[in-house]
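Starting from the structure of chain W, add chain A where the hints point.
Here the protein sequences come in this chain order: W and A.
Under full-length UniProt numbering, residue 500 is the last one in the first sequence; the count climbs by one each step, no gaps.
Under full-length UniProt numbering, residue 201 is the last one in the second sequence; the count climbs by one each step, no gaps.
Worth flagging that the hints you see were computed from the coordinates, not collected in a lab.
All residues carry an ideal CB built from backbone N, CA and C; glycine is no exception.
One or more of the hints may lead you astray.
[What the hints assert, rightly or not] Heads up, incomplete: computed chain W residues facing chain A, CB under 7 Å, no partners named: (1) L20; (2) D185; (3) R225; (4) Y397; (5) A410.
[Said to hold, decoys possible] Which chain A residues face chain W? A few, computed with CB under 8 Å, are given here: (6) F78; (7) L93; (8) S99; (9) N137; (10) G157; (11) P160; (12) L185.
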Amino acid sequence: MDNFSALLDGFSTVLHPTYLLWALFGVFIGTAVGVLPGIGPAMTIALLLPLTYSLEPTAAIIVFAGIYYGGMYGGSTTSILLNTPGESASIVTAIEGNKMARAGRGAAALATAAIGSFVAGTLATVALTFLAPVIARWAVQLGEPDYFALMVVAFITVGALLGSSVPRGLAALSLGLFLGLVGTDTLTGQQRFTFGVPNLADGIDVVIVAVGLFAVGEALYVGSRMRHGPIKVIPIEKGWRSWMKPDDWRRSWKPWLRGAAIGFPVGTIPAGGADVATFLSYASERRLAGKERRKQFGKGAIEGVAGPEAANNAASAGVLVPLLTLGLPTTATAAIIIVAFQSYGIQPGPLLLQNESTLVWALIASLYIGNVMLVVLNLPLVGMWVRVLRIPRHYLYAGIILFGALGSYALNFSPVDVLLLVLIGLAGFFMRRYGYPVAPLVVGMILGPMAEDRLRRSLAISQGDLSYLVSSPFAASAYVAIVVLLALGIWLKRRERAQA
Amino acid sequence: MTPDGAAPEAPIAPGAPTDEAGPPPSDALEPRAAQKPRRRWGELVLALATTALGTYVLVAAGSITVPGSTNTLGPRAFPYLVGGMLVVAGVVLVVLVLSGRGGEEEGGEDVDPNVRTDWLTVVLIVAILVVHVFAINVIGWPFAAAILFAGAAVVLGARPWWRAAVAGLVLGLIIQVIFGGLLGLSLPAGPLLEGVPFLRG
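Excised from the complex, chain W in its bound form:
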């Protein structure tokens, strides 16, 4: 089992005290920022990217792994304890968890979410450990048209399926593709859409766009329609005895395992990531609950927290499979992680496990350790997270804007970048205000140049014969999968709407 020994090597890297401290720092910061309302995991990573500019790659990747999982744990605390719905991945938790908290069972809801996240996160990381090398070995054989097909799948699922409006998703995706075009064409060296500005010849930095849209745009939007008045955090009962009663354990363990089983596969395929996984888990828990229990759904059923939270975390690990083995981001968060890798000159893809095996196994090992740290940190420190939830909103959003400005300034230490950030932030504000999703834009901008490259290389090989694009069985089945996924997506959306 060379995987196993590679993993052990990874652990021996991560268990170095310095790296353990970085991992702890990552999960801590990730949870703290994830708890902050209005900040989803994608924004957390985009905002914290500048923190790692001066770190060496292994330390930075370990911090990112911590932030990634920490952000997921933190999000559930927010949606359970705050009186308003949170980010989309944990919105199902908000329904049941929030109701539980209001009924005085907040601690149990938090505990089942945290322990479920731990169980499912660990199971999914085990699956990642064994699946990633297999897929990477297989992916080496994929040709240019196969990669192009995969990217089209990602475009369609992230762009069209996720949002509530297909044309708005398409507009955002195309806008991202356009921003990706700006700069010098890699294959011919021609400048495109640079307007003669020398700064644009290298292209627009994705970090500026991501921070502009997720941080500045969001802060402007929230600022324009700020919820005034006191922040209502539901109080939770003190003491570990109130966390979970034997009955809660009995009702939670099956949903945890089912959530892991649903979340991981959904995360690995480009089908919308954690949102779809949480929804599927919620729907199946509701279906499987007996007659008596089903009545509790919508009023605070613990199964409705345990399952979706587990699925959410398992999906987050699943997302790493295509990310690490194919270089394919299937969610906005994954797209930002690709940017983080690229800022260290590392290109995720089938060769990553060979070329950067120490780094990848350190990353995977740090996921295991991060999960343990999170479950240990989360419950005892819940009082602190509650305090974080109460940060006055004017300071919170001013801080988000400041960190966004710092991050884009730190890219090149040029004020022009910050000005660009402001412009993109304004664009993000208008998109947000009129219901345009921003995730497809970021994914389009990152994947667009890669897809164009693959497409043109394919057609150079085939001398312009378009049928080459569907000639391999893999590419052909990917296009068939698009049709299936589209149908499935429409069906899921109908169901979601019917239940809402």
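Quick look at chain A alone, frame taken from chain W:
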């Protein structure tokens, strides 16, 4: 900052009509009321801008130089595709908006769906960001950061203003010490702090 236990005071942004603060957030999980018709103009402009950008991309793609060595798909093909997608999406959106089917905004924890957009806040924050950009190289990063943080906080409702100013200054200096001094990001300390060794980026 705020003493523990006590709920933070209700911040009122300048220019925000207080009587429109809406009902308490207890009903925030209920589906939102139908969107107001007055939002359609801005949305129409955005849809038209998408179409216009697409048209521009289509036109400008024609002027990208194609070197003779390119045998099949040159540097123009993808721009044509992207321009076409923008135009299609834009036109569909214009039609949708004109027929009264506007976009659904996503909610958020701190977003009050019942408040009208406060444009003054947006304009002021953007103005403060622009001031920040031009101040970095003149007065140094920590002070430019203080202006940005304090300015944005006051615009968003922080009172009294001097507390926000002190918080901004402290935050700016802390970030300067951590990122400039310890982590080695070259943030300019500014003329005032030029000689302080642990602040130099």
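Evaluated hints:
1. L20: 19 Å, violated
2. D185: The hint holds - D185/W has a Cβ within 7 Å of chain A, the shortest such distance being about 4 Å.
3. R225: 5 Å, holds
4. Y397: 6 Å, holds
5. A410: 5 Å, holds
6. F78: Status holds, d = 4 Å.
7. L93: With a closest approach of 5 Å, the L93/A hint holds.
8. S99: 12 Å, violated
9. N137: Holds. Min distance 6 Å.
10. G157: This interface hint holds because 5 Å falls under the 8 Å limit.
11. P160: 12 Å, violated
12. L185: 5 Å, holds
Hints 1, 8 and 11, counting from the list given before, are not met by this structure.
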